[in-house]
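Protein chains in written order, with the numbering used here: chain A, 1 to 307; chain B, 1 to 366; chain C, 1 to 270.
Among the clues, some could well be false.
Said to hold, decoys possible - If the Cβ cut is set under 10 Å, some of the chain C residues that face chain A in the computed set are:
#1 Met49
#2 Leu97
#3 Ser212
#4 Ala257
Said to hold, decoys possible - Here are the simulated DSSO-like pairs of lysine-lysine, each with C-alpha atoms no more than 27 Å apart in a straight line:
#5 C:Lys35 / A:Lys151
#6 A:Lys199 / C:Lys264
#7 A:Lys18 / B:Lys106
#8 A:Lys18 / B:Lys133
#9 C:Lys229 / A:Lys151
#10 C:Lys264 / B:Lys133
#11 B:Lys107 / A:Lys18
Hints were generated in silico from the structure; no laboratory data involved.
Ideal Cβ placement from N, Cα and C applies to all residues, glycine included.
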Amino acid sequence: MSGLLINVDNSFRERLWKNLIIAIPYFWLLLFFLAPFLIVLKISLADPIIAQPPFTPLFQDNDDGSMSIYTTFDNYLFLFQDSLYLVTYLSSVKLAFISTVLALFIGYPIAYGIARSPQPTRNILLLLVVIPFWISFLLRVYAWMGILKTKGLLNGFLLWIGIIDQPLELLYTDTAVYIGMIYSYLPFMILPLYANLEKLDIRLLEAASDLGARRWEVFKDVTLPLSMPGIIAGCCLMFIPAIGEYVIPTLLGGADTLMIGRVLFDEFFLNRDWPVASAVAIVLVLLLVLPIVYFQKRQNQELWSES
Amino acid sequence: MSENEKAFIQIREISKHFGDVIAVNKVDLDIKKGELFSILGASGSGKTTLLRMMAGLEIPTEGKIFIDGVDMTNVPPYKRPVNIMFQNYALFPHMTVFDNIAYGLKKDGIAKDVIDEKVNKMLALVKLSDYGKRRPNQLSGGQSQRVALARSLIKEPKVLLLDEPLAALDKKLRQSTQFELIDIQEELGVTFVIVTHDQEEAMTLSDRIAVMEEGEFVQIGTPNSIYEHPNSKFVADFIGNINMFDAKVTSSNEQELALACKALGGEIIIQNPGQTIHSTELSVALRPEKVIIDKQQPSDEDHYYVKGVVEDFGYFGNLSIFRVRTSSGDIVQVSKQNRVRIEDTITWEDEVYLSWEQESLIVLDN
Amino acid sequence: MNQRSTFIFTMLCFGFAFLYIPIVLVIIYSFNDSKLVTVWGGWSIRWYMELFSNENILNAALLSFRIAAITATAATIFGTMAGLILARLREFRGRMLFTGMIASPLVMPEVITGLSLLLLFVSLQNFIGWPSQRGMNTITIAHITFSMAYVAVIIQSRLTEVNESLEEAAMDLGAKPARVIWDITLPIILPAMISGWLLAFTLSLDDLVISSFVSGPGATTLPMLIFSKVRLGVSPDINALATILILMVTVGVCIAAWIINRQKESKAIS
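Chain A with its partners taken away, still in its complex shape (with noise of 0.2 Å):
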């Protein structure tokens, strides 16, 4: 292959111009994306201490005038054996978990009747999802602790049509994180189903249907297998970020609600412990990489299939 980008041209300037479009990016993210992770890596193997910066040097110098090497797995192994760790990661996982598969049932029914619905009406339906997707994620968040607060918008209207006679408990709790976590992310989940469906081929359906299969049956043999790639990737668009989620526990979940952002953020600010939460940090990598490579995978078949 020939290309604008290979050197067909051994001249200099050629050469130089070239080389500088794929320096520039590589080097700024070599230096700003991949040299601070492994600086995190290095800080989440060193001892705590009281000094400016908070942590023991990874080269220390010995009193013979040597240097060695100093690393520890004390801050992991103390991730595993302080319970309050493994039970903030099982929670951020069940937590993102069930905010998915909530928002997959409400951003399906949508996403479909966008896809089905006629040309102008379907523009203005997908303007009107996208328009919250541009919108501040901290506003969209915060307008729902006025509507979720004890002597909020939902309470007052809860009460005034009698089906209560208490206000409910309900800013501050996780079923307020979940409402938070499903309508912040729910763009993410249609965009991606409506985009999946709207490819769909109705001459599928029909075809489905000259041959006998009734309503539901066409859409559960024809239309959902088919729409399985726009699945995974809503799927999974919202449950990789939702798990490391700062801003919606804090703002909308209790004291109690135990998710690994925060905790991350706490551990750093408040207890000033750089090492601890660079572990917590290395550890919810992990447990990303998982979904990560698999949504990976599934997007590189759909291109493979396509091509």
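Here the structure of chain A is known, so what remains is to put chains B and C in place on it, guided by the hints.
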């Protein structure tokens, strides 16, 4: 090609590997100046890769390319006296037709008034004088094709490479465009190298054709010689329709080749076979239009004939095609011009005689 | 209307109600005269007046917009380069690493990106004395790093749709590769670059977590300010601020949608 008539494009031992895949395998080729040369092959035969190496868009793994005596092997595309017309035309969507055609001249730093004059002349040549201000997405398929042609000719290249030039056009348009292409080529005298998978296109357009298969040339020759004298079963089968039968050599010398062929009624004698036969197992091939089909037994003693029953037939208006099962049980395809309006038509289950001239038989080494 | 369409129709109504009721309530209550956020006290624009006289908020907004503008521009430049590499250079040494580094920021939890960048800045400060102070500069660098990945993905997916033969045709007609990028590639991917810029701008403007990590004393972005206020509970001037930002985004998205739609229609006609 004789030694004194030096080739304009010389390709020597050229190969292109993509990883483990060998797209082009040690190919040699000479193309004369002003020639209309086609490279014909199925998709994946390596024909487009070969063309792209001539354009400089692929760097050969090994071998050399000379154009007009100059080594072009490692010259980048923007420094070659060669232009290419892409299969999908590759018109720049953000430029007008005029700017598309003018692009090559602008890159050469030619004065604006010269560019204007040349582009207008070119637009006239491809009959698109009023279309200069249009955008590519406002053109029909045929118009796009002509703009692409104009754009690739504007720099007066020594060689014009055309990648499937007619593939994107519908059938009617393809025929008229074929002749336009030939006219333009004759007017400008540019050497054309065309890559195509369409054998009809290659036959009508070209002075010579190279048939390519799995990265190698199987046969190079004029359309006529390739059709009438295919050198292999592959070429015979690839170009046009053909009947092919197994045969055994019974005796062979310089002047005469005697074969036993069950499907064609037993013993066949080929005068002056013109090729040395190595094996005893051969194939004998016969084009459907060279077979005469008749209900009457042929009286001519020179003709070979076999008897058979019409198993199937198709009426195409200008001609009819029959599939006849011979007494030996083989199927022979026959095509027959419908020269007369009302005829004693041959139809299903009819008993017929198939005859042919001995010169029509093609002997193919296995 | 049959059974199934009724179900879909109901879901659509509920879905969009779910998406929009909170937003609409924030907008309505930003005009509430009462200081108690959930008690209606009549229409008023007093919170807007208060907002515009609050220097902290104005400064934070100014800082956020400046960071977002620089981030979006730099991220578009770097991201376009990266997208070009991903789409047009199939083989080069270190490509695996490069693809990994482009894809990872997209899925990396914000807390980790923030934490790791802060640790980098602290280490750099210890070793080479730069950055001497954390603030706008460090926030901008952090924002560029994660938003360039988004731009790269947008550019890459656009470029895979653009037939490479366009670029080859330009080269064949005598343009050197650098010229081809300028004459052909960039004009064709310009719309994708604009969407990339807008996305990077919004991502930067909205970011709270990463900014909180890498910021230093004195540099408070708008989300950081909002967060510190709403942590303590709902506050009416934030409603007003939210309304302004929501309207800005809505108008922006609608204009963009209108332009894209018009382009599509003009293509459909021809």
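Outcome of the hint check:
1. Met49: Nearest chain A Cβ about 20 Å off; hint violated.
2. Leu97: Holds. Min distance 8 Å.
3. Ser212: holds (8 Å)
4. Ala257: holds (5 Å)
5. C:Lys35 / A:Lys151: holds (14 Å)
6. A:Lys199 / C:Lys264: holds (18 Å)
7. A:Lys18 / B:Lys106: holds (23 Å)
8. A:Lys18 / B:Lys133: violated (34 Å)
9. C:Lys229 / A:Lys151: holds (19 Å)
10. C:Lys264 / B:Lys133: With Cα atoms ~21 Å apart, C:Lys264 and B:Lys133 stay inside 27 Å; holds.
11. B:Lys107 / A:Lys18: Answer holds: B:Lys107 to A:Lys18 is near 20 Å, not above 27 Å.
This entry does not satisfy hints 1, 8, going by the numbered hints stated previously.
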